[in-house]
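Chains as they are written, first to last, in this note's numbering: chain A, 426 to 923; chain B, 105 to 418; chain C, 222 to 755; chain D, 2 to 279.
Everything labelled a hint here was simulated from the structure, so no lab data went into it.
Worth double-checking, as some hints may not be accurate.
What the hints assert, rightly or not - Taking CB as the label site, the calculated pair distances span: (1) B/A118 / A/D544: 53 to 59 angstroms; (2) C/G364 / B/L109: 39 to 45 angstroms; (3) A/D632 / B/L121: 53 to 59 angstroms.
What the hints assert, rightly or not - Here are the simulated lysine to any residue pairs, SDA-like style, with alpha carbons at most 25 angstroms apart: (4) A/K762 / A/T777; (5) A/K556 / B/R229; (6) A/K766 / A/D836; (7) B/K333 / C/M299; (8) C/K593 / D/T86; (9) A/K822 / A/A557.
Quick reminder that beta carbons are idealized off the backbone N, C-alpha and C, glycines included.
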Amino acid sequence: MRRSNAFRFPTRALAAGLLLAGTALAGAQAQTAATIGMQLEPPHLDPTGGAAAAIDEVVYANVFEGLTRYRSDGSIAPALAENWDISDDGRSYTFHLHAGVTFHDGSALNAEDVKFSLDRARAEDSTNAQKALFAGIESVEVIDDTTVKVNLKSADGAFVTKMAWGDAVILAPETVEQAATAPVGSGPFKFDQWVRGDRVELVRNPDYWGNPVDLERATFKFISDPNAAFAAVMAGDIDAFPGYPAPETLAAFEADPRFDVVVGSTEGETILSTNNKADALSDVRVREAIAHAINRQEIIDGAMFGFGTPIGTHFAPHNPDYLDLTAQSNYDPERSKELLKAAGYDNGLKLTLKLPPPSYARRGGEIVAAQLRAVGIETEISNLEWAQWLEQVFRGKDFDLTIVSHTEPMDINIYARPGYYFQYDNPAFQDLMKTLDVEADPAKRSALLKQAQQMIADDYVNGYLFQLARTGVVNAKLKGLWQNSPTQANDLTGVHWE
Amino acid sequence: MLAFLTARLLTMIASLLVASLVIFVMLDLVPGDPASLMLGLNATPEALAALREQLGLDGPWPQRYLAWVTGLVQGDFGLSYTYRVPVSGLIAERLAISLPLALYALALTVLIAFPVGMIAAATRRSWSDVGIMGLTQLGIAMPNFWFAIQLQVLFALVLRWLPAGSFPGWQAGIVPGLTALTLPAIALALPQASILARVMRSSVLETLHQDYMRSARAKGLSAAGALVKHGLRNALIPVLTIIGLQFAFLLAGAIIIENVFYLSGLGNLIFKAISARDLIVVRSCVMVLVFAVIAVNTLVDLAYGLVDPRLRRR
Amino acid sequence: MSLLDFQSLSVRINQHSILSDIQFHIEPGEIFGLVGESGSGKSMTALAAMGLLPSGSSARGQILLNGQDLLALPEPQMRLQRGKSLGMIFQEPMTALNPVQTIGAQVAETLLVHGVSSKREALERAGDRLQRVGLPGDKAGLGRFPHELSGGQRQRVCIAMAIALRPKILIADEPTTALDVSTQAQILDLLKELAEDEGMALMLITHDLAVVAQMAVRVAVMHQGAIVEQGTVEQVFCEQRHAYTRRLFAASTHKPARVATAQSQAILTVEGLSHAYAKQLPHPLGPRAMLRAVDNVSFALRQGESLGLVGESGCGKSTLSRLVLGLERRQSGRLCLQDKVLEARQPMDRASRRGLQVVFQDPAGSFNPRHKVERIVAEPFHLLDQRPQDWRQQVKRALEAVGLNADDRFKYPHEFSGGQRQRIAIARALIIRPKVIVLDEAVSALDVSIRATILDLLADLQRDYGLAYLFISHDLSVVEAITDRVMVMRAGQIVEEGQTQAVMQNPQHPYTQALLQAVPRIPENLRPRPEAQT
Amino acid sequence: MAAARRNALPLSLMLGLALTGLFVLLALVSFFWTPYDVTKLDVAHRMQLPSALHWLGTDNIGRDILAMIMVGTRTSIAVALVAVTVGVGLGLPLGLLAASRHGSLLDEVVMRSNDLIFAFPSLVIAILITAVFGPSAFNAILAIGIFNIPVFARLSRGAALSLWQLDYLRFAQTAGKGAMRISIEHILPNILNVLIVQMTIQFSLGILAESGLSYIGLGVQPPTPSLGRMLADNRTLTALAPHLTLIPGMAIVLIVLGLNLLGDGLRDLTDPKLARQR
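This is chain A alone, in the form it adopts within the complex (with noise of 0.2 angstroms):
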């Protein structure tokens, strides 16, 4: 390769230079087997021990099971419980269980294990981080083996789908304790051995009680550095990264045949979190102002080089209560200047900005703060690690504005917490989800999230950037990957090799 080529169209060439080189190798792969590539390591796999996503993309459908589970476009679906019964003042559901379950160490799965699950999850001492799913259970009573119902304090109509969350899966009381080094689970695969900081291996449960799955051993392989995640698929070690941190890179894959570019959606609602108590965002012209400095198309061009759908509010796209909401705060920096002007800002205005690891965060932050100087906004930007985050902004609500990515699903409730990070208090919409939280028909509680997300929208308080994308790397040869993840998992169930 000739210097001056490789300088003029240099992706050209190197992507034929790689691709090239790439093909000779690709085929050789053991087709039982694959590699899954994953940005953050677990700190354990005890899902109802800890919040990491990173948790759940590893054992999520595949080693532990719920009542109900999330399928790969959003919807519920039945688990561990074959079906189950809403009592008329839908307070009450009764969960039929599969006959014939057991746990990776032989044991039956039956209805006390549920109960033991779920009390274990709503009990005073316990860690779950998702205790919130739980606090409206009053009680849960074993009818029979196979079958337990659960008691609610009050009407829940989104009660099955917190089910199908991994902080709720079912675990024996026998092996809880071991759930966060050597899960044992009732999934369709075994968890095998974890070199940490390294791999987690999972081989197929050959006594799976469902569709048995076609891989024989699954490897979730973690590598933080996106550009070493770039190298170790290019270079093969890793079949498919799903959550693929390295977005600029993508134009390679697509070039080429070797692999398939996956892009789908995720409930991450990536927001310019504005700490609505902070001295000068406390005024609703401010936070207006600073949403219509914000270009959207330009941080996600940027950031995360295409990949994203911008969002006027907190709530997914691809929901169908969705309510498109971003020609309000449209990209606008005359009428921005004017509301600071408004305000009493029109000298200018010195805000923090601190930024979590993840790119949309850093890059996005960089062209946040371009785009608010624009109108007049000085930013400082501190970048910092999840723990400082977690310390300075989470908990010590010490910031004015951050970037991050609320990839839970349905959880606009948030904002009734008033003590949450970002601060909103507003009794309005406070007593809104707690009519939405009673609410069971389809049809009215569409209307009241709509009415949510209008009320957030209306009321600034956070800058709505977009819908983070779940771009992800695929060797074009393996398929049954979810597209989209409604919530975070990697479901390796109908993975196969074509």
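Take the given structure of chain A and dock chains B, C and D to it, following the hints.
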């Protein structure tokens, strides 16, 4: 000799104790609560408190320090906050990669630097000397992660001669293991070899002007003969010091290189543990590294004795 | 045919002429002396014969070894001559041996390089040679490292190395200059004996006329890269045909004309001074071994008196000088300066320092290279509460008093020769008119001719300013020339003290006797004949 | 002698001066002029190859690379410079003090602390420091600077100790001058050359250290560009848009090379031992 060894051992223990205290106090200052990190954004205060207690994060610091040090002495490094497995096991697992990598890199360093430095010294002020010295300057000037990425792109992605990263584990065999470590070892070794070659050269040049070299010439040795027979061993003394420093650096300084080649070595463990505020892991890893440095320094001191009889007597 | 014949040898280094038209020859078995001051080119002459001239030098002429021109030999052949036909030893035995190799191996190497024996045999013969030079040649002796030996012993090893193959000629370049007198005498005896026993010629290079007188049969005097005079020792010493030779001889036996200025009043009194250093510890918890460098020394220096302190290296005289100067805290004993009493551990105050100044040995290390002479000479004014108004005048006068030019004060020290620098050092010591000047080996590093002028200067200054000198030296002849009284120091103690003349002529202590015995002297019969002095 | 030296001005010195000068100039010019505002984004025109409009192309969010190199050089030099200043500012006095009290408890404490700092893995500590205090230019400087202190303390102590053996310091003592005054008046000027050589070396190491810290995200914070962060931000594009990392990479290499050559040249020029060699 025995007295010398005891003395060295005592100094070493004293240094380690001071170092452990420094490490502990330093890490006690680190803000960030591992419990909240582990439970995430939506955790309730009760859950946090429960986890904090589980992890033993409460209690006055002298008590926790003592507990840690006594544990260290007994080989009990505690339980990782995040992984909830014994830290000693984690460190041992990582050392199985980091130690061979450091040794591999060190071997490359020495294998490159010795001949190169000698040739440069022997041909000083010639074009080969100027050329070699220029190359070593380049080797020192390159940021090593940048160099590592270039190596990775060229040899792993374009030429496909070597793996791009990852470590298959020693159970996969010595050859695949070493192959996997080759690129990282080169990336680590070349800058170090550049430094060592320069030290080697100047150290050899230094000996060229010693009186005993003139004595050797007066005996009838050729210039090259005198250099090999008398210069080299004397030149080794400063070189040994540098090699000791380099080993310590290679063991601890591979963090960035491990990142590039997605190796889960000790550096990687520390780096992730710091982000996760898994302080018990950080603490013990730093302690292990400090121990390695001090131990290597002690070994180098003893090695001086082998090279230089003047230091044997003490 | 001569053994070694220098025929119009000229050497240039980087276009500078170093040697010009050197012409002399050495006969087999002869001891030939080559005398000259530093920089005269005597070492270069030797290196030219060895083919070890520094890079960048070019030699013309011929050096014939048994009729074969060494300068014409290509390096590989020249290499075979070194060590085999020509042996050489150097001035500095402390660094001439490889510190990391046993002495046995280093001696045996001469044999091995020339392929004359197997390794085992070479070691055996090395043992013989070591025994020949007076060192044990058994296994333990062969296995010793240079650092385990004293300077004299190391020089013996160098000699063994050089004579291992019984070369026809041994070139000894200032072989004893770095050694104490008693060691010097032993080494010289050894060299003479070797030359006689082995029929080996010896080319002895030295600055010391007395050494040549004792050793050589014929001698050549070198000056500025040329031989000014040569002949038998008797001829050269007695006739002194060349003016330079005469100057050299005059300087080496020079005694300044002194006027007795000593008064009875003591100006500096030292009582029971002791000082011990901790030896290097075997390990941190080991017992602390102490080395008593100065052991209960007492003396008094009277106003206007010149008191000598002689001793060999390591006898404690440097420590004593540092204690007197207040550079090191006195562990025990008191010091009385004029009327002021300084008890043990009491630091020396500025007022006391005003009465006490010093001139050190090393002309290179005596001055801050970045300061001009004016600033250097004015430094002691720091001892006054205020620098005098006319301090520049005083500096000028001090420089003139020591024979320098007043304009020299704007120069840097490196622009001066060794002798001039010593004058600057004296000017600096004089500037605040102290009562006592400590002269710590003040003339030891100087060539004889310069040394003579400095001694004259010191005598003049003593007369003019009524100074008291504490004159510390290892060189008995210098002490004899300049002092009224002398103390002989050994192992931290003063073993003998008395009027200089009395001690020199009638030493009481056996150590003093041995010391005086060892000093090489030019025999009476080799003194210049009266008619030669014009 | 002095004239002869001037004639033989070492090649390395001239090359080093030229390179260092070039980058210092770039950094200085950036105070007054850069081809584009470094904070100005132009996402539509990102990752462009060098052209007449953008002499060195644009980066992954469309900033002008030349402008970033200029300002980045300024930042990197500033970080390294301050870190070296911290090292000299604390290390030098400590070293001189320790040397003037050779063998005392103070000397021992200073030397032992030096050894202790040297025993710590510097990168790990740098990461920890930024973890404690948050990443910022200041903390990067602190993290790099701390490890400069023992370097200069040890160097100045060693150099000063050998000077303390010299007679002119003894004489200064007999002239009633105290250790501090002697250290400043006699020792400092005479160890300055050694210090300057070491400073250039530490300076270049500082630039490398800054780039390493930036790689793991702990260096200078955006929007201020630094050479290290340019490398780090674009590292995933090494294979696809090589100029994005090649240019800042070469800039670092050239600065460090220039400084090292400068240091070498200065050493050749001032070290009498080497002067004798030639």
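**Prompt:** Holds or violated: are the alpha carbons of B/K333 and C/M299 at most 25 angstroms from each other?
**Reply:** 19 angstroms, holds
**Request:** Could you see if the CB distance from B/A118 to A/D544 stays within 53 to 59 angstroms?
**Result:** 54 angstroms, holds
**Asked** Taking the CB of C/G364 and the CB of B/L109, does the distance hold inside 39 to 45 angstroms?
**Response** Distance hint for C/G364, B/L109 is violated at roughly 23 angstroms.
**Given pair status - A/A557, A/K822, alpha carbons within 25 angstroms** = Answer holds: A/K822 to A/A557 is near 21 angstroms, not above 25 angstroms.
**Message:** Given the hinted pair A/K766 and A/D836, is their Cα-Cα distance within 25 angstroms?
**Reply:** 34 angstroms, violated
**Prompt:** Within a Cα-Cα threshold of 25 angstroms, do C/K593 and D/T86 meet the stated pairing?
**Reply:** 30 angstroms, violated
**Message:** A/K556 and B/R229 were given as a pair; does the straight-line alpha-carbon distance stay at or below 25 angstroms?
**Reply:** Roughly 74 angstroms between the alpha carbons, so the hint for A/K556 and B/R229 is violated.
**Asked** Regarding the pair A/K762 and A/T777, is the alpha-carbon distance no greater than 25 angstroms?
**Response** OK: A/K762 and A/T777 at ~19 angstroms, within 25 angstroms.
**Consistency of beta-carbon spacing, B/L121 to A/D632, with hint 53 to 59 angstroms** = Hint holds: Cβ distance 54 angstroms, inside 53 to 59 angstroms.
Comparing the model with each numbered hint stated earlier shows that hints 2, 5, 6 and 8 do not hold.
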